[in-house]
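Asks: In order, the protein sequence lines correspond to chains G and L. Taking the working numbering, the leading residue of the first sequence gets 315, the next gets one more, and so forth. Taking the working numbering, the leading residue of the second sequence gets 3, the next gets one more, and so forth.
Treat the hints loosely; a few may be bogus.
With a straight-line Cα cutoff of 16 Å, these simulated EDC-like cross-link-like pairs (lysine to aspartate or glutamate) come out [claimed, not checked]:
| no. | chain 1 | residue 1 | chain 2 | residue 2 |
| --- | --- | --- | --- | --- |
| 1 | L | Lys153 | G | Asp467 |
| 2 | L | Lys153 | G | Asp529 |
| 3 | L | Lys642 | L | Glu620 |
| 4 | L | Lys480 | L | Glu425 |
| 5 | G | Lys476 | L | Glu37 |
| 6 | L | Lys583 | L | Asp522 |
| 7 | G | Lys393 | G | Glu358 |
| 8 | G | Lys464 | L | Asp147 |
| 9 | L | Lys36 | G | Asp467 |
| 10 | G | Lys559 | G | Asp351 |
| 11 | L | Lys153 | G | Glu530 |
| 12 | L | Lys36 | G | Glu460 |
| 13 | L | Lys153 | G | Glu470 |
| 14 | L | Lys480 | L | Asp609 |
| 15 | L | Lys636 | L | Glu626 |
| 16 | L | Lys204 | L | Glu371 |
| 17 | L | Lys36 | G | Glu463 |
| 18 | L | Lys36 | G | Glu470 |
| 19 | G | Lys464 | L | Glu37 |
| 20 | G | Lys464 | G | Glu530 |
| 21 | G | Lys476 | L | Asp631 |
| 22 | L | Lys597 | L | Asp446 |
| 23 | L | Lys497 | L | Glu371 |
| 24 | G | Lys476 | L | Glu267 |
| 25 | L | Lys476 | L | Asp446 |
| 26 | G | Lys464 | G | Asp427 |
If you are wondering where the hints come from, they were derived from the structure by calculation, not from laboratory data. Bear in mind the structure is a predicted one, so any value in this text is a computation, not a measurement.
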Amino acid sequence: MKDTEGYVTADGRQIGGVLMELNNITLKFGGVTAISDISFDIHEGEIRAIIGPNGAGKSSMLNIISGFYTPTIGELWYKGEKRPQMRPYEIARMGVARTFQNIALFEGMTVLDNVMTGRLTHMHAGVAAQALWYGKARAEEIANREIVEKVIDFLEIQSIRKTPVGRLPYGLKKRVELARALAAEPSILLLDEPMAGMNVEEKEDMSRFILDVNDEFGTTICLIEHDMGVVMDLSDRVVVMDYGKKIGDGPPDEVRNNQDVIDAYLGVPS
Amino acid sequence: MAKLAESADGLCSVPALLQRNAEKFGDRPAYREKEYGIWQSWTWKETSDEIEALALGLLNLGVNKGDHVAIIGRNRPYLYWSMVAAQMVGAVPVPLYADAVAEEMEYVLSHCGARFVIAADQEQVDKVIDIQEHLHQFEHMLYLDPRGMRKYDHRTLHEFSHVQNQGRAAYDEFIEDLNARRNSLTYDDTCVMLYTSGTTGKPKGVVLSNRNIVETAKASSQFDSLTEGEEILAYLPMAWVGDFIFSLGQAYWTGFCVNCPESAETMKTDLREIAPSYYFAPPAVFEGQLTQIMIRMEDAGAFKRKMFHYFMAHARKVGPRLLEGEPVSLFDRVKYALGEFTTYGPLKNALGFSNVRIGYTAGEAIGPELFDFYRSLGINLKQLYGQTEATVFITQQPDGEVRSDTVGVPSPGVEIKIADTGEVFYRSAGTFVEYYNNPESTADTKDAEGWVATGDAGFFEKESGHLRIIDRIKDVGKMSDGGMFAPKYVENKLKFYPNILEVVVFGAGRDRCTAFVNIDLTAVGNWAERNNIAYASYQELAGHPEVLDTIQSHIEETNISIAQDEMLAGCQIHRFLILHKELDADDGEMTRTRKVRRKIVGEKFDDLVTALYDGSDEIYTETEVTYEDGRKGKITATLKIRDTKVQPVAAKLAAE
């Protein structure tokens, strides 16, 4: 491990030590190299953004963090330990929760039920006890429901608590997805394009919720986003990727003035 | 009018009523609020303890007698407690509209010189922080919801629950002071200060005394025989006098339970879960609900839809009569009971009206169809007429005498007189003390004998003794023969026809009335579609002879009903035309809130007004219009003018 010192952000928030560290990650699909030799770290309590043009490998990176992909080369350190190869649900149990670029909710279930699924990793009663809602399962469900209700209150979705997700507009579905991820009480929250396809008002709401989550629960957030304005406003540090390579890393202002980044986004005059 | 120093039983303030309720109804629920998906409740005993703890906390913070304590937020038990706690320490609660912008709050907060603010959440706190440098008397702010507040400067900010805890800790130190202050409250002390919405000029702070509130709560509770078993849903703004009387005055007088919704958006679900027995809503809310029902019925299966329409037709026929206790045949009663089982019951349940014993609507005229719809379902919906200065009640409808076109008889203890100008004056125990720091306005509104001008023109119906409100007095004019000209009264009657969207009546200073009509494109368009009438535009449909016939029949029906009021019989419409364009705010013909600008319309369509009075059958006109993207265009049309049948003004002629 490298230094685990925290730092103070521009707006005066104290950020903790390193929570996750990715060392020399390379990901190959057959002959295609999606990510080549990327290293960066995520500190505890910070909002970390990954940006880059289409096909830069951002979502692949997020999938490596969430354990959906295993890197071909390279290692991932989490909470001071090297993470072995794991199934995604095992990683979820370790406090990593995520939302998806193209919403992955149970359309036929109510908002409440969907958010309850976020608590799945915290339920230990057996199938029979859960089906009969008996003994430990009952106490567990009540305790979990309380946490879910607090998340529902936090994200202001009380009015759609009993509405099937399929009937909701896009912006609200995104919020329900965030709710489900939050219900897991993650120590690191991965957001894959949380603002994609939203109108200005919905983006403002979502930005406020992301900041509130970070502020209120101290959750570390790693997000991928295309909207540059949003990224620069929200995040404490930004990783910039292009064609599977890291071309920049640092606070938003520094990244904004990085020549490589400007070239990647605007093109290089020939 | 003899004024008592205190009420007969010594209950002369809200804190005194609280004390009584804690003893008398100790274990009955006083408040419920849905939070985290569950209805949390507080008994009167618990409520009393919570309020006392807060009051002690306020003493600890240094609240003095006569201080103003502003309260900002949506309906929550904690904020109702804040008002009573402020009263308990001798301060004056001033509830503010939660949706007001910071500048509006600045005016009210600096006008009343609030030293303390109790705000619901970060949003409200931020607004006050934005303006606090302009508020010279402001010192401390309490907030309810700590979310997002951790990093705020807490020198003058206090979390609500912490203040309560400090109050509990300092019990021994302050309880004597608190008891002394609580017991020294008299009938003449200020109970609350409510700011009028200020549609004309700056908002005015209406000072209401304990006498106003307690006497009004008592009289109005008796009028409707309210008991401690009522359930109400508190969802209307706390700064509005109606909410103060229903959710605080009457609730503390009778000891019933006040339920607060989870959030503004969940109001419908919460209404259904609580099923209040006593309910208040402005006409717009009832209208919205009816529209929802109708839309959803159109989407329902054929069988359900047929059943709904079949039984609703029956309900319209006998429902209101059943509610009024009039004789109805046995067959109709059985059929109504069947309808109740299959249709009305489930419908009322879905709306949250299963248990409504008394419902009130006020604020503006309610359409007869809308009114009858709810009454036909067996919901005892009534009308009342009131204002902040009267502590709400001026007139209301007793059970068994409910009609859509009157506002009822004078409320108990209210005297009413009609001035020669037609303006309504009242005097009652609820009559406000004064406008805060505004003696001129007070003198303009309330005379030495205590009569208050309402600013509304109205008259009493001879047969029923009910008051009818015509219009704002400043909008009522005179015709050339000296008769009363009340355009809005006529326009409202006509606008209740679904085919008519807008009407502008002319006649001030003339010998007879005429009207411009805008048809409702949705309703008339629907009719045209069903009757295979092709049309390309509003203008074409508006000029269709059959449409003109329909509108003419509506106006003639209305003329018959207007002719029945002898004072207004002169306002019958003699001629009309259907305008070739819809009145639009973009063209300055209406305000943004869709109120017609009578004068501007009259000037703009001067040629049409002339044609209405010179007897011509049709007129060619050109009008400039502004499109939504700001471009200007011109439309031309030849409009037909129709004469309508008017009723002879029999009563008046006979009298002369």
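Asks: Each of the hints needs a verdict: does it hold here or not?
Replies: Verification of the supplied hints:
The hinted pair formed by Lys153 (chain L) and Asp467 (chain G) fails the criterion: a straight-line CA distance of about 21 Å is larger than 16 Å. For the hint linking Lys153 (chain L) to Asp529 (chain G), the alpha-carbon distance of about 10 Å falls within 16 Å, and the restraint holds. Annotation: proposed proximity of Lys642 (chain L) to Glu620 (chain L) holds, straight-line Cα distance about 4 Å (limit 16 Å). A distance of roughly 14 Å separates the Cα atoms of Lys480 (chain L) and Glu425 (chain L); the hinted pair therefore holds under the 16 Å criterion.
For the hint pairing Lys476 (chain G) with Glu37 (chain L), the CA-to-CA distance comes to about 15 Å; that is within 16 Å, so the pair holds. The hinted pair formed by Lys583 (chain L) and Asp522 (chain L) meets the criterion: a straight-line CA distance of about 11 Å does not exceed 16 Å. Distance restraint check for Lys393 (chain G) and Glu358 (chain G): the Cα-Cα separation of roughly 9 Å lies within the 16 Å cut-off, and the hinted pair is therefore satisfied. Of the pairs offered as hints, the one joining Lys464 (chain G) and Asp147 (chain L) holds, with about 13 Å between alpha carbons and a cut-off of 16 Å not exceeded.
A threshold of 16 Å between alpha carbons decides the hint, and for Lys36 (chain L) with Asp467 (chain G) the separation of about 11 Å falls inside it, so the pair holds. Between the alpha carbons of Lys559 (chain G) and Asp351 (chain G) the distance comes to roughly 7 Å, so the proposed pair stays at or under 16 Å and holds. As the CA atoms of Lys153 (chain L) and Glu530 (chain G) are separated by approximately 10 Å, the hinted pair is consistent with the 16 Å bound. Restraint check for Lys36 (chain L) and Glu460 (chain G): the C-alpha separation of about 13 Å stays at or below 16 Å, so the hint holds.
In summary, the hint linking Lys153 (chain L) to Glu470 (chain G) is not supported, as the alpha carbons are separated by about 22 Å, beyond the 16 Å threshold. This hinted pair does not check out: Lys480 (chain L) and Asp609 (chain L) have alpha carbons roughly 22 Å apart, beyond 16 Å. For the hint linking Lys636 (chain L) to Glu626 (chain L), the alpha-carbon distance of about 4 Å falls within 16 Å, and the restraint holds. Annotation: proposed proximity of Lys204 (chain L) to Glu371 (chain L) is violated, straight-line Cα distance about 36 Å (limit 16 Å).
For the given pair, Lys36 (chain L) sits about 11 Å from Glu463 (chain G) by alpha-carbon distance, which is consistent with the 16 Å threshold. With a CA separation close to 14 Å, the supplied pair Lys36 (chain L) and Glu470 (chain G) stays within the 16 Å bound. Distance restraint check for Lys464 (chain G) and Glu37 (chain L): the Cα-Cα separation of roughly 9 Å lies within the 16 Å cut-off, and the hinted pair is therefore satisfied. At roughly 12 Å between alpha-carbon atoms, Lys464 (chain G) and Glu530 (chain G) fall within 16 Å of each other, so this suggested pair holds.
At most 16 Å may separate the alpha-carbon atoms for a hinted pair to count; Lys476 (chain G) and Asp631 (chain L) exceed this at roughly 41 Å. This hinted pair does not check out: Lys597 (chain L) and Asp446 (chain L) have alpha carbons roughly 27 Å apart, beyond 16 Å. The hinted pair formed by Lys497 (chain L) and Glu371 (chain L) meets the criterion: a straight-line CA distance of about 12 Å does not exceed 16 Å. The straight-line distance between the Cα atoms of Lys476 (chain G) and Glu267 (chain L) is roughly 13 Å, inside the 16 Å bound, and the hint therefore holds.
Distance restraint check for Lys476 (chain L) and Asp446 (chain L): the Cα-Cα separation of roughly 15 Å lies within the 16 Å cut-off, and the hinted pair is therefore satisfied. Taking the CA atoms of Lys464 (chain G) and Asp427 (chain G), the gap is about 14 Å. The hint holds against a cut of 16 Å.
Checked against the numbered hints above, the structure violates hints 1, 13, 14, 16, 21, 22; every other hint is satisfied.
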